[in-house]
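According to the numbering used here, the sequence shown is numbered sequentially starting from 3.
Hints may be right or wrong, so weigh each one.
[Stated by the list, open to error] Between beta-carbon pairs, the in silico distance windows are:
(1) N22 x I93: 54 to 62 Å
(2) V243 x V59: 17 to 25 Å
(3) N231 x P154: 31 to 39 Å
(4) P354 x M3: 51 to 59 Å
No wet-lab data here; the hints were simulated from the structure. As the structure is a prediction and not an experimental result, all values here were calculated from the model. Think of the CB as a built atom: it goes at the ideal place given N, C-alpha and C, for glycine as much as any other residue.
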Amino acid sequence: MLIRLGLFNGGKWKKIWHDNLTPKSFGKLEHLRLDRCNGLSSIFPSNMVDRLQALMVMNISHCDDLESIIEPSGLPSTESSFKLVFSKVEILLFESLSKLKSFHPSMHTTEWPSLEELVVTGCTSVKTFASENLNSQLDEQPLFWFSKEAFPNLKKLRTDSDEEAKEILELSNYVVLPSLKELQLSPFIKKSILPSDKLQRLWHDQLPEMSCYFLNLKQLKLEGYNFLNYVFPSSVAENFVHLKGLLISDCDNVKEVIVMDNLEEEEGRVIKVFPRLKVMMLKRLPKLVTFCYGDHIEFPMLNGLAMLDCREFITFVSNSMIGNEPQVDLEVGRNNSKDDVLCLFNDKEAFPCLQKMKTDQDEAKEILELTNSQGVRFIQKEEEDSDFDFDIDSDIDLVDDDEQEEAEEEEEQEQERL
């Protein structure tokens, strides 16, 4: 019985499987890898769907003519919709499939009870990543139709979008991902071109009501979102209680990372977000001025901070809003004396665990020293140091001991009860 199948550079193949397969053929297939099979418009004939119950890994890349994973004809036509269940698939990778539009072009739902990693990148014909509502009249066929509980074990999600996508995280509107630990979003657009007006936000307005969506997220990477003026509303940021690694880069118009909700009610508030954050990287953010509006911010577990090519950055917290209200005066901030300078850190208690900082700003070290922060190691941008590379993937452990985390949570709950 064939268990692993890999096909490469098959430009002349129109089909992989014959239409009249024997009933038990390929029933043990666990791993499928296709690369540069440009003649294929679909992968599986409809009569193979029920035989894929042993499949664990599907890795499809650079198949230029591929339009759907399952061929359009042959599945139930008497029903308005049907369900496809891939009970053992753990890894699903779709990369550089320029004509791929949908998993199957007919109305259906899919369920992936064992899926842990989902990657969809370079699929430029995908206009809607996912949808739950089978009755909706979408202009474009989504890549996935599924139910709310379709991905109960998904741990890693990486996707991108072109400038016509309506909302990068549309699926957060209705999909529960209780196991998600790593999320990477990088829009598939040229950096010189802003997305269309259809793409206005990362997070849905009602996301705070679905905090379970981000309950276990430990790593978040956002790259290349030029349309954003800010990254998180504060009500959304508060949901990232387990976040340990944060990377924001190449977002040309971001002025602040967190925008505060209900500003008129928040005067004097101590901003507490990302309580478990260990590593934060802010890179190539040319308009970033401040992290958030407020009086004081705390990152109790932050160990490493990298700030590179953020030439307008002045302070982590600002008492002046960005937008219609007055904001930080950059020239005043730069020209203040050492006694009244805007502090990069609010005080020495805001970053009690900070040990490493990497920056290309000459004034950053001087500003930090004014706060009497001790023991912080500085690495210049050009300096080579094998012990200080700020690779989020190596600086944080995404598979920490769950029992240890549960014990910490129980201890916190016990302290709250006392």
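Taking the hints in turn, this is what the structure says about them:
no., hint, verdict
1, N22 x I93: 54 to 62 Å, "violated (30 Å)"
2, V243 x V59: 17 to 25 Å, "violated (32 Å)"
3, N231 x P154: 31 to 39 Å, "holds (35 Å)"
4, P354 x M3: 51 to 59 Å, "holds (58 Å)"
When held up to the earlier numbered hints, the structure conflicts with 1 and 2 and fits the remainder.
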